[in-house]
Structure formats: structure tokens, C-alpha cells
Amino acid sequence: MRNFRSVRGKGGMMRGPFNKPHGQPFRAFVPHIPFDLLQCESAFPKSKPASDEKSFTEALLKRNADLTPNAGEQASILALVTKIQSILDNLVIAPGAFDSAQIEEVRQVGSFKKGTMMTGSNVADIIVMLKTLPTKEAVAALGNKVLEELKVQEPQEVLSMLTNETGFEISSADASVKCLISTIPPNLKKLDPELHLDGKVMQGHLAGIRHARWFEENAGHSSIKVLIRLLRDLRNRFEGLQPLTPWIIDLLAHYAVVNNPSRQPQPINIAFKRCLQLLSAGFFLPGSVGITDPCEQGTVRIHTVMTLEQQDQVCFTAQTLLRVLSHGGYKQILGMEGNSSIATEMSVWEGVVVTPSDKAYEKIEEKEGKDDEEGDDEGMETQENS
Amino acid sequence: MAHFVYPMANTAQPASGYPTAQTAYVAAPQAAYATAPRAGQAYETAYQAAHATPQYAYTTRTPVAVTPAVAYDQTKAYYQPGQAVAAYTTPETHYQAAKPSYSTSSSYNATAIRQQAAAKPQSVQVSTASGSYVYPASTSQATTSYSGASSYNNANTSYDAALYTAATSYYQQQQTAKTTSNWALKKQSQSKFTKAKGPPKQPQLHYCDVCKISCAGPQTYREHLEGQKHKKKESAAKAGSAPSSTRSHNQLRCELCDVTCTGTDAYAAHIRGTKHQKVLKLHTRLGKPIPSNDPVVITSNSSSTVAAKTAITTSQPTKTVVGKVVSSATQGTKKVLATPKITFVGGTQLKTTGVKTEEIKVDNKPEVGDTSSSKPMEEELNILGEKEVSPVGHEYIEEMKNDLGKVVSFNCKLCECKFNDPNAKEMHLKGRRHRLQYKKKVDPNLQVEVKPSIRARKVQEDRLHRPSFKDEFWRRREQEERWRGEMEEDMYWQRHYEMEFHGRRPGMMPPRPFMPGPGMGMGMPLRRPDSSDDRRVMAKHATVYPTEVELQAVQNMVTTCEKALKQVSDLLAESDAPKPDVGTVKKEKDGKEDKEKDSQTDEAQSHRTLKGVMRVGVLAKGLLLHGDLKVNLVVLCSEKPTRTLLERVADGLSKHLAAIPENKFEVKRCVEEAAIIVTSEEDPKTTCIITLSSPVMRETNPTNGDNTPAVKDPPDVLDKNKCLEALAALRHAKWFQARANGLPSCVIVIRIMRDLCQRVPTWTPLSEWALELLVEKCISSGGQVLSPGDGLRRVFECIASGILLPGGPGLCDPCEKEPTDAAGSLTNQQREEITASAQHALRLIAFRQIHKVLGMDPAPLPKFTKQRFNPRKRRRTNSAGGEVDDAAGEKKDKKDGDEAMETVAEVK
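As they're listed, the protein sequences go chains H and Z.
Under full-length UniProt numbering, the first sequence has 155 at position 155, and the numbering climbs by one with no breaks.
Under full-length UniProt numbering, the second sequence has 329 at position 329, and the numbering climbs by one with no breaks.
Incorrect hints may have been included.
The calculated lysine-lysine pairs, modelled on DSS-like cross-linking and capped at a C-alpha distance of 27 Å, are [claimed, not checked]:
id	chain 1	residue 1	chain 2	residue 2
1	Z	K817	H	K48
2	Z	K440	Z	K406
3	Z	K852	H	K363
4	H	K178	H	K131
5	Z	K441	H	K48
6	Z	K720	Z	K664
7	Z	K852	H	K359
8	Z	K439	H	K46
9	H	K363	H	K331
10	Z	K440	H	K46
11	H	K46	Z	K430
12	H	K48	Z	K722
13	H	K48	Z	K664
14	Z	K630	Z	K668
15	Z	K817	H	K46
16	Z	K630	Z	K655
17	H	K48	Z	K440
18	H	K200	H	K151
19	Z	K441	Z	K418
20	H	K48	Z	K630
21	Z	K439	Z	K406
22	H	K131	H	K54
23	H	K136	H	K151
24	Z	K441	H	K46
Computed Cβ-Cβ distance ranges for the label pairs, DEER-style [what the hints assert, rightly or not]:
id	chain 1	residue 1	chain 2	residue 2	range
25	Z	K406	H	K62	52 to 58 Å
26	H	V348	Z	P761	18 to 24 Å
27	H	A71	Z	K413	41 to 47 Å
Keep in mind that the hints were calculated from the coordinates and are not lab data.
The C-beta atom is built at its ideal place from N, Cα and C for all residues, glycine as well.
Model the full assembly from the supplied sequences, consistent with the hints where possible.
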């Protein structure tokens, strides 16, 4: 798998040369480091004893238990994944009669691999990297081959196979496995959109492999996994947080749990709140240093995948939620009571009226003000990829 | 290190007095002295000797009661060798060099001294005999320009004229000190060479007084004198530079060896060391007085030294000697007198008082608050400096054992350093660096002594080198400059922008001569040059900054009030206690007065009802905004302020103010507020609120009034809460000076935020103190120098992340003993609203709409020329502006709206 190291550059190569078209002198962009309470706790000693967060912590853990798939689900997905993996592995070692595609490598990725699956979406991801060019026909042939083999093993099981633009998906009654197709990096340049799968998608899959590996190496702590589950749940329930991608959530959770002066994993209640605090403090706003993608070359701040409008939206939603949380509304935030309207409508908590934050972002009128704002734009960027 | 030179010179020579030699001369000297008429040289030497004495007198500050005749004789004896040397015909280079220096001192000085020479040395002698060496106190005193004052106080009044000159000229003193030392050295060697007067006992000894070593023979001795080491030491002594000056506040000296140690432990180690023992032996052999020979003396020495040190630690930045050690050797007692900084003392020098208070303001006003207003607190602080520091973090010391299981070294895991010596380990545990690490990594609550800020130190140094006899005009100029400097310093950014475009602003002060403030001289570390946010913030800042007229008016008001208060204080003091001491000090500076105070007993102090006046609030902090014409002063009283006192002060004040023709002031009493309100009737209508308070108010304060002693509390004591508030305001001002003033961008951001609080109703409930704390915490925790724009953004981020929300940590008030939330008075709803507002503001800033936050016109910046400072239009930045602007402009072209696919300029 180490050979992927050489691949890493790819993503980075995409940007760079043609993003600075006017040959303007290089101007260093020094990102702003947003306020992070945990990083400067010494400057803010507690002026009163910390409030008791036991019930909040319990609620978090309960919510996590609710979100974790049950044993049955886990068993069925595991069984399916194992079977498919072994079939594909066989194809790598002994292609035999199957000649429509050569498989370079098969890897599990995504939430199944990371151990952050959530109940209700029993889907695992496997990336199949082809040595040959990923034509749509080859993908379909591979899918059929896998299905055949499965049927040979378990004749009575009801299985279906569907191809799509990323690969194919094999579903059993209560689990499904997405086989995502990619190809070896040298092939990426040879792709023809008419014949092959989309190059961008395949790059994304390669990134997925890197993400999985990074996660394995760095984010094994179960607090991180719990937090990821909680954040993904939060994202699913509050529309304003939709722009957060799974990868952003992974990194944010990792940051919130581990990235503090003592480098000791933080308790879940603190980490959860910290996520909201970070988001509220503009961690993912233009100009902020945010989190640098550890799996990309150079400095890519992960929040630049969101548009400016989305950055604003994520920020103000988190800000509203933070205030609700501070006034004692954790049950609503965790979805144990009420609904998601707390993020968008006025609510009252122990006599305190919480007014939802409103968007601040405005499209900037183009020609006007340009002279004077002097295009202080470094912060205001988004990124094309993904 | 000039300061250190004195003591050395003094101790070594005049003080020591060469007991052995004396015996030989006792008879002769008297005669020699009596037959005073001498050749020029002899005369001069006598003068030198005499001149040295004043310094000596103040170094020891011995209560000179007993002056046995013997001592008198000895003194003379001590002069004798000097004369002999003088008579000696081959002048050496040192000697020659010495001459010009004292020719600089005025001539009448010398004559006066001559008369005194006989009387004066008595005090010298006493202290010598007793063997109490309290130099440390003197050393730091010497740093003030009026260091001579104390000696003056001790001296007879007839001595005044001479000493006044001595006192006023720091340099002269230095010179004299130097010469004396050289001379003494000279004398030594000369007598050796000639063998005329050599003590019969040790004909072989060739002792170098500068280096404290003995040489085997005249040849080696001469070689030594030629040698580099000796020259170095000598020139160091001359130049008055010992390496320790910068941090002198924490050091102990071994007078015998002329070695400076950084702490009691180091000192003790030195005393134990071989080098010291060697010198000790040598001195014993030479029969020189040995200051620290006797272990008892050592301890009393070192402890008294410590006391002196700690007292001075606080006083140093403020540059008046507050604490003093009076160590009378006979009894072995020592006491530390802490006198408040801005004291009202008898004397008529109003301007001096003005200057004084001014200095205090600039330098380290808070210290004042502390020393004077709360002695208990002061002790707390001081003690941290040296004495009571208890080692922390034992558990982080790792013992490294060798194969045999013997502990060979220690490893401090916090600071990652190693020691082989258990003593070193102990010292490290008490050390500042370790404590800082401990505070940072383990217990944020650990108190670590705050070093006097670089700026304060610089200011002090500057003062040191300024000739102290500048005339009134200069003093006044200085005062004004400083006063404004307070405000100006954070105008750095402002100026920065101005200069960028059209050089210096006409109305602007010349750049401050010293300590340009952090961020100015050292240049910013790699920051984005200046973003449009920064420019916006600075433009806004220019609009909220007070105008020259306002500044002038406020300053005028304040100085007038301070002067008037001083007069009132004088008046009250006179009527309450017609003390003789008031008369003795006339045209002297405050420093002298302080010392004068010291020399007097406490009672002299207590007779003054109004002890001092301090500026507090926005005035002291330099946070005035455009339109802020209300300033606060706090008058500290020696007793609980009463209504009667208030009336008396108000009466006196209105009388004095009425006497000033060019200003019209109205004086109002406001008993509920424990204050007198002075309003100017001229145009910018400034108001000065003078609150009476006293440190004694605090003592009965502990939380609830249960234990208020019914003891003789006057019936009409002013409202306690108001008085305590005033004391808190003093502490706040002190804190501000120490923490916020030097922080780049901090004051600017606070002004911007103050303006916001005044403009936006949501923010109004946030108190100013809470705001100041918050901003300082945000900016100081930023980890790097923040530009004003970044600083402002960070403050909003901090609030947005819920610092004020119910679950947050709150703002711990550093000026209260108990953990207190400085923003504790906010209701939850207010907290919620402020947070929501900050959250929105943060996003506005991020999305380039900072003008909405600042309440500015969204119109392009150039229209916001800083008109109040310079009506000239600012050059359009885009027309011919720097490439930065051009670049940015182009970049802008490229962008098409928010969807633009823009990637990060990479800054790894």
C-alpha cells in the first residue's frame, strides 16, 4: 500500500499553476488563528467552579449508543464485506478467466473501516483499484463477476448488484457494500470521459484510501469515534451543518479531542462542546487557518471545500447551537427532544430568549469597492475539488 | 552598575578604615588633620574623602546616635593614609584621571565639605564598626537621580548646600565614587612601594583592592595592575557597569568579594565557596574589616538584604525608593518602611509634585496603588520576589542514578534541564523560569512574580542617564510629553499609517525617545502587511481618539487638580500637626522628600491626612476616547475618610482652584459617592471626580461586615463600597499598566471596543473593566503579535465561542483575592445577547464587512483620511499605491464572486 505515497502529490498538482494566472507577485497569506479556549486555558482561569456536566455527558453517551449499529447489523455487514473482499482478493492473485479488468489492489475505506458507522445506514465502502483503464463495461463486468461468485458461495441469499458512476453496489437484505472503482495514478491522465469513469471521482477515491490510512494511524481513540458519530448525527439533523463533509467531521473530531496543549484526549462532553465553540469562533470561516488537510500536499485548508455561503451557514448554525447548549438545551441538540427548529427559530431556555444567528455573508458587488477593499481576498477562497 | 560601584568603593576604602593601620597612626592623624592647610593635592584628597562620605552616609542610613570618640579618631586615622598619598610625589595615572572628575563638581561643594569632613565621618565609622553592610538598599537607590537625598537628610542642615549639589548630580557622584576608589587603591600601593608608611606587620602583602587579591611581591603586583583582568575590573568599576544592573532587583552582593548573587541560595553558596574563603582569609590577614566573617552577621546581612531587595523590587520601576532598610547594627534591628509613591510632603515645589505623579503614571503607577494602598497586598507581592517563594513541582524532578544507585543528577521534566547539584535543583525549583513553566504546564494559578516590564525598565534607565538638574521648563515639557506618550504609544499604528503616506503628522509629538513600545522597533514578525481590516480599524481608531484640544483640556484639568490637592494636603498637614520636619525640606525633589520621610519616623507620615493622589480609570490607562471628558482621581488618606474630611478637602480645593486665574472650576461635593467633583467651565467641559479612599477601609472589609470593629470608626465615614471601588480602581490601573499597556494592539482594540460598547446598546452592560480584561486576555493569549484587525477579530471570536455564556469560564479578575468573575454582573440574557452579537460581528468581519461592526460608512477607505490629524487627503492607494495594493487589485479582478475557484496561497 505504500506505493500510494507517490500518489499523494496528485491532488496538489491540480491546483497551483493555473490558479495564479496574472503573474502577480506572490503575497504571503498568513492565516488568522482563531480563538480556541482550550489552547489558552491558562489565560482564562475559571472564575467559578465548573458546572456539573454529568447529565450532559450521559446524554452524549446514550446518544452514541443509540447511533451505533446493533450487533446484528454489524454481523451482516461484516459478513458481506468479508466475502466480497475475499472474492476481490482472489481476483488480484488469480484473475483466471476474468480478463475485462486487472485489479491492482482492494482496500476498505469509509466509516466501516474507521469504525464510525451509524445505525440505519449499513453501508461499507471498498475501493477497487484497477490496473487497467476503468471503462464502464469493465466495471459492470467486475460487478457481475463478484455477484456470481457470491451466489456460488451462498446460493440462497438474495443479492442485487447495481452499477453507478462511482462503481457498483452489492446489497443483501440488511447490508450493502459499495465497491468504488479507481485506477492507478498513471492512468488518470489517460481517461476519456466518454469511455471511462470520471477522473475526479476516482481521485476522490484515492483520497479516501489516504484518509482511511491516516485515520487508522491517528484517530484510533474511541472518543474520536464517538464524537464523529455524534457530529454526523448533528449534521444529519441540522440542515445548516450539511456542508460539513465526512472528512471534515473526521478531522474536526480528531482536532477537538486530541489537539490541546497536554495532548491528552479530552472527555467527550468537552470535546463535543469544543467542536461547537470552534465552529462558532469562525474556525471554518474565510481567513481562518482552520485545519490543514493532512492527506494533501501543501497547505490545503479543509474548509475551503465549502463555498463562502456554506461556511457562513455552518458557522451561524453552530453559533446558535452553542448558545442553546450553554443555556441547557442539550437534549434538543442531541435530538432526544424537540426538533431541529431550535437552529432556525427563536427559543426560550430558562427565561433566556435565544435568537438564531442570521447569515452575514453577502455577495460582494463586483466592480464596486474593488479599488478600496484592495482585494484582501486571501481568506475568501474556496476550493474546487471534491 | 554605577550603583554597585559606590558601595564597593565605599566599603572597601573609607568604611574599612584599616584598623591595623590605624593603631599605628592614631596619634599622627589628628595632628595632620588639625594642621589642615595643605598643598592642592592634599586638599583635594581631603575633599575626596569628605565627598565620599555622603554616599556612605546614605548607604548605611544608620541612626547615628552614638559616636564614640574612638570612632572619631579612627576616622581621622583613615584619612591619614590618604593625605600621605597625596603628598606622595609621583602621581599615578589613576590619580590623574581622578582629578578632572571632581573638578566638575562645583567648588563651594568642596569648601562646605571641608568643614564637615570631621563631623561627617562619624556616621561612617559607626556603621563600619558595627559591621552592618546594607549596601543593596543603597545600590538601587543610587539608580535614582536624587539618591543623595537620604544622606542629605541625615546630614546636618549646614551641610545642605554642599550635599544638594552632590545629590543633584548623579554623575558627579559616580565620578567621585570612582575617584575615591582609585585613590584608595592608589594609597594602598603607594604606601607599599614607599615603605614609608607600610604597616610593619605585613610588609610582603601586596593587596589589590579592586580585585581583592594579594600578590606575592611588588613585581607581580605591578604586573597584576598592568594586567587585563585588573584593567577590566577597574574600568567596569569606573564605568559603573556591572552585568547585574538590569536585574538588580533580585540580587545579593557579597561585599567582601564584590560578587553579585542572584538569590539567597546563590549567596549562601558563594559564602561557602573557596573563593570567598580565600578572600576572607586574605582580609583577615590584612586586618581589613570583614563584613560577612561572622556567621551571625551573614544571616542578618542577607536577610536584611532580602528585605531591602524586596522592598525595592516594587519601588524600582517607579523610581522612587519606597522601601528602605534601616539597619542599625548595634541592635541588629531592621525595618522596612514603605511609603506611598506620590506623597504629599511638605515643601512648595508644586511642579515637582506634578512631575512626580507624572512619572509614576508613566512608569508603573500601579505599584503605587499597591505599596501605599495596601500593605498586606504589597507584602504578598514582594515576598514572591525572594523570600517566601516556596519551591514548586518537586514531583517533576527526576533523580538520575548511576549504576551504584547513587543519585548523580536531577532532571526537571518541566523545564527539561539537568542539575548535578541538589542545591542547584533547589534553586531551580524556586526560580522564575521553573515557576513559569510550572504555571504554564501544571497549575495556572501559581503566582509568578511579574518582572517589571521592559518598558518600565527602559524608562528607568533613561531617567538614570538624564541629568537630574534640568530646569523647570524641561521638566514640564517632559511631563507633558509623557502624559501624552501614554496615549501616543498606542498611536503607533496610527502613526505608522500616517507616515507611510505623508511622513510625520505635523501636530505629532516627535517619536518617543525611549522604548518605542513593543511592535514598533522590532518590527512585526511575519504578519500580513496590513490587511484592509487593519486599515479599517485604524481609521476607526482615529475617529474615536480624542482630539488634541480634549487631551490638552483633560491634562490641564488633572494637573491643576493634583496641584491643588497637594496644597490642600499641605494645608491639612500643617493645621493638623505643625511638625518641624516639613520645614527642612524645601526645594528638594520628591525623592528626597520620600527619603526624608523615611528618616523621620512613621509618625511623620501619619500626620499627613492626605497621603497621595493617583489617577485611575481611563485616565490612568490612557483609554480616553473622543468625547470622554470625565476623569478620575483617587486621594488616599491615612485614615478612613470622613464626611468632615471631604468637606475640608472640598473647601480647600475650591479655595485653591479659585486662586488660579486662568481657569474656572466648579467644585461640588458628592458625599454619597465619597467624591468631590470638579468641573471646568471652559469649553471642553472636563470633569474630574476625586474620590477619597484609604487602604484602611479594606481591613474591616472581609466579605461581610460582621467583624467591623466598633472601634473608633468615626461616625461620618464615607460610603465603604465607594471607597473600596476606588481602591479596586487603583489596582485595575496598576494591572493595566503592567499587562495591557505594553501589548501591541491591545489598547487600540480596547478603545474600539469601548466605542462599540458606547454605541451599541446590546454591549452596554459589559463593564469597562471586564472589557479590558477580556481584550487583554485575548490578545496576550494570541501567541504572536496581532495586528489591530486580527486582535479585534480574536476578541469577537473569543466572545463568540461562548466565553461569557453561562457554562463558560468567565473572566477571572486578577485584582481580587477570591476568584471573581469580572463580568459577573451580567444577566444570562445579556450574556446571550452579547454573544450573539459578537458571533454576528465575527462573521461580518470574516466576510469583509467590518465597517458594519465598526459603525463606519461602507464607502471605500480613502475617504476616511485621518482628517483630524491631517487634513490632507490620503493618497489613493490604488492609484499609485504599493505593489501590494496593485496585486490585490488584480487579484480581485480575477475573482468572480464567491464561487470563484480560488486556492490558497500557500504558506506552508
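Here is what the structure says about each hint:
1. Restraint check: the Cα-Cα separation between Z:K817 and H:K48 comes to about 13 Å, which is no more than 27 Å; the hinted pair holds.
2. Proposed proximity of Z:K440 and Z:K406 is contradicted: the alpha carbons are some 32 Å apart, above 27 Å.
3. For the proposed pair Z:K852 and H:K363, the alpha carbon gap of about 15 Å is at most 27 Å, so the pair holds.
4. Straight-line distance between C-alpha atoms of H:K178 and H:K131 comes to about 19 Å, which keeps the hinted pair within the 27 Å bound.
5. A C-alpha spacing of about 21 Å is found between Z:K441 and H:K48, which places the hinted pair at or below 27 Å, so the restraint holds.
6. A threshold of 27 Å between alpha carbons decides the hint, and for Z:K720 with Z:K664 the separation of about 31 Å lies outside it, so the pair is violated.
7. In summary, the hint linking Z:K852 to H:K359 is supported, as the alpha carbons are separated by about 14 Å, within the 27 Å threshold.
8. Taking the CA atoms of Z:K439 and H:K46, the gap is near 15 Å; set against the 27 Å cutoff, the hint holds.
9. At most 27 Å may separate the alpha-carbon atoms for a hinted pair to count; H:K363 and H:K331 exceed this at roughly 36 Å.
10. For the suggested pair Z:K440 and H:K46, the alpha carbons sit about 15 Å apart, so the restraint of at most 27 Å is met.
11. At most 27 Å may separate the alpha-carbon atoms for a hinted pair to count; H:K46 and Z:K430 meet this at roughly 26 Å.
12. The straight-line distance between the Cα atoms of H:K48 and Z:K722 is roughly 25 Å, inside the 27 Å bound, and the hint therefore holds.
13. Distance hint between H:K48 and Z:K664 is unfulfilled; the C-alpha atoms sit about 49 Å from each other, more than 27 Å.
14. The straight-line distance between the Cα atoms of Z:K630 and Z:K668 is roughly 14 Å, inside the 27 Å bound, and the hint therefore holds.
15. Of the pairs offered as hints, the one joining Z:K817 and H:K46 holds, with about 14 Å between alpha carbons and a cut-off of 27 Å not exceeded.
16. Of the pairs offered as hints, the one joining Z:K630 and Z:K655 holds, with about 22 Å between alpha carbons and a cut-off of 27 Å not exceeded.
17. Distance hint between H:K48 and Z:K440 is fulfilled; the C-alpha atoms sit about 20 Å from each other, no more than 27 Å.
18. This hinted pair does not check out: H:K200 and H:K151 have alpha carbons roughly 33 Å apart, beyond 27 Å.
19. Of the pairs offered as hints, the one joining Z:K441 and Z:K418 holds, with about 18 Å between alpha carbons and a cut-off of 27 Å not exceeded.
20. Using a Cα cut-off of 27 Å, the hinted pair H:K48 and Z:K630 is violated, with the two alpha carbons roughly 34 Å apart.
21. Between Z:K439 and Z:K406 the CA atoms are separated by roughly 31 Å; this puts the pair beyond 27 Å, and the hint is violated.
22. With a CA separation close to 53 Å, the supplied pair H:K131 and H:K54 exceeds the 27 Å bound.
23. Under the criterion of a C-alpha separation no larger than 27 Å, the hint pairing H:K136 with H:K151 is consistent with the structure, at around 23 Å.
24. Distance hint between Z:K441 and H:K46 is fulfilled; the C-alpha atoms sit about 16 Å from each other, no more than 27 Å.
25. At roughly 56 Å, the beta carbons of Z:K406 and H:K62 sit within the given window of 52 to 58 Å.
26. A hinted range of 18 to 24 Å for the beta carbons of H:V348 and Z:P761 is consistent with their spacing of about 21 Å.
27. Checked against the hint of 41 to 47 Å, the pair H:A71 and Z:K413 passes, with Cβ atoms roughly 45 Å apart.
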